[in-house]
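J.: Taken in order, the sequence shown gives residues 1 to 59; the numbers are from the working numbering.
The reader is advised that the hints may include incorrect statements.
[To be verified] Taking CB as the label site, the calculated pair distances span:
1. Tyr29 / Ala51: 22 to 28 Å
2. Thr48 / Ser14: 18 to 24 Å
3. Lys36 / Pro16: 25 to 31 Å
4. Val11 / Thr46: 32 to 38 Å
5. Asp50 / Ser14: 36 to 42 Å
6. Gly44 / Ala8: 26 to 32 Å
7. Ile47 / Asp22: 40 to 46 Å
8. Arg27 / Lys53: 27 to 33 Å
9. Glu55 / Val11: 41 to 47 Å
10. Asp22 / Thr48: 33 to 39 Å
11. Trp59 / Ile21: 30 to 36 Å
12. Ser3 / Met25: 16 to 22 Å
[To be verified] Dumping the calculated DMTMM-like pairs for lysine to aspartate or glutamate here, alpha-carbon to alpha-carbon at most 20 Å:
13. Lys36 / Glu17
14. Lys33 / Asp45
15. Lys10 / Asp20
16. Lys54 / Asp39
17. Lys5 / Asp45
18. Lys43 / Asp32
19. Lys33 / Glu17
20. Lys33 / Glu57
21. Lys36 / Glu57
22. Lys53 / Asp32
23. Lys43 / Glu57
24. Lys10 / Asp32
25. Lys5 / Asp22
26. Lys33 / Glu6
27. Lys43 / Asp22
28. Lys5 / Asp39
Just so you know, the hints here were simulated from the structure itself, not pulled from any lab data.
For glycine and all other residues, C-beta sits at the position ideal for the given N, C-alpha and C.
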Amino acid sequence: MQSVKEEAIKVISSMPEPVDIDEIMYRLYVIDKIRKGRDAAEKGDTITIDALKKEIEQW
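Please model the entire structure based on the sequences and the hints provided.
T.: Laid out in structure tokens, this is it:
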């Protein structure tokens, strides 16, 4: 698995020119959220669809 730094460099390097800082930050943010979601899923830190529906009903 790539380190966070290596992954960030790869993402930034693959972006077409010109690119602004907001686009770079957004893509890195999305990748971070995906990584955290995968890590949580691997650890079993998830909830069922029914539990999610009940939680949403309380909003």
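J.: Evaluate each hint against the coordinates.
T.: Results of checking the hints against the structure:
Distance hint check for Tyr29 and Ala51: the Cβ-Cβ separation is about 26 Å, which falls inside the suggested range of 22 to 28 Å. Between Thr48 and Ser14 the beta carbon distance is about 36 Å. The supplied range of 18 to 24 Å is therefore violated. Distance hint check for Lys36 and Pro16: the Cβ-Cβ separation is about 27 Å, which falls inside the suggested range of 25 to 31 Å. Checked against the given bound of 32 to 38 Å, the beta carbons of Val11 and Thr46, roughly 26 Å apart, lie outside it.
For the hinted restraint 36 to 42 Å between Asp50 and Ser14, the CB-CB distance of approximately 39 Å keeps it satisfied. Between Gly44 and Ala8 the beta carbons are some 27 Å apart, a value that agrees with the proposed interval 26 to 32 Å. Range check, Ile47 to Asp22: about 32 Å between beta-carbon atoms, so the 40 to 46 Å window is missed. Between Arg27 and Lys53, the C-beta spacing of about 31 Å keeps the proposed range 27 to 33 Å intact.
Distance hint check for Glu55 and Val11: the Cβ-Cβ separation is about 32 Å, which falls outside the suggested range of 41 to 47 Å. Remark: the range hint 33 to 39 Å for Asp22 to Thr48 is upheld by a beta-carbon distance near 36 Å. The given range of 30 to 36 Å is respected by Trp59 and Ile21, whose C-beta atoms sit roughly 34 Å from each other. Checking the proposed 16 to 22 Å range against Ser3 and Met25 shows it holds: the Cβ atoms sit about 19 Å from each other.
With a C-alpha separation of about 28 Å, the suggested pair Lys36 and Glu17 falls outside the 20 Å cut-off, and the hint is violated. Taking the CA atoms of Lys33 and Asp45, the gap is near 14 Å; set against the 20 Å cutoff, the hint holds. With a C-alpha separation of about 16 Å, the suggested pair Lys10 and Asp20 falls inside the 20 Å cut-off, and the hint holds. A distance of roughly 24 Å separates the Cα atoms of Lys54 and Asp39; the hinted pair therefore is violated under the 20 Å criterion.
Note on Lys5 and Asp45: the hinted pairing is violated, with a Cα-Cα distance of about 25 Å set against a maximum of 20 Å. For the given pair, Lys43 sits about 17 Å from Asp32 by alpha-carbon distance, which is consistent with the 20 Å threshold. A hinted pair counts as satisfied when its Cα atoms are at most 20 Å apart, and Lys33 with Glu17 does not qualify at roughly 25 Å. Simply put, Lys33 and Glu57 have alpha-carbon atoms about 24 Å apart, too far for the 20 Å limit, and the pair is violated.
Restraint check for Lys36 and Glu57: the C-alpha separation of about 25 Å exceeds 20 Å, so the hint is violated. About 25 Å separates the Cα atoms of Lys53 and Asp32, which puts this hinted pair outside 20 Å; it is violated. Distance check on the hinted pair: Lys43 and Glu57 sit about 26 Å apart at the alpha-carbon level, beyond 20 Å; violated. Pair hint Lys10 plus Asp32 holds up; C-alpha atoms about 14 Å apart against a cutoff of 20 Å.
Under the criterion of a C-alpha separation no larger than 20 Å, the hint pairing Lys5 with Asp22 is consistent with the structure, at around 18 Å. Taking the CA atoms of Lys33 and Glu6, the gap is near 16 Å; set against the 20 Å cutoff, the hint holds. Our distance criterion of 20 Å between C-alpha atoms is broken by Lys43 and Asp22, whose separation comes to about 32 Å. About 17 Å separates the Cα atoms of Lys5 and Asp39, which keeps this hinted pair within 20 Å; it holds.
In summary, the structure is inconsistent with hints 2, 4, 7, 9, 13, 16, 17, 19, 20, 21, 22, 23, 27 from the numbered list given earlier, while agreeing with the others.
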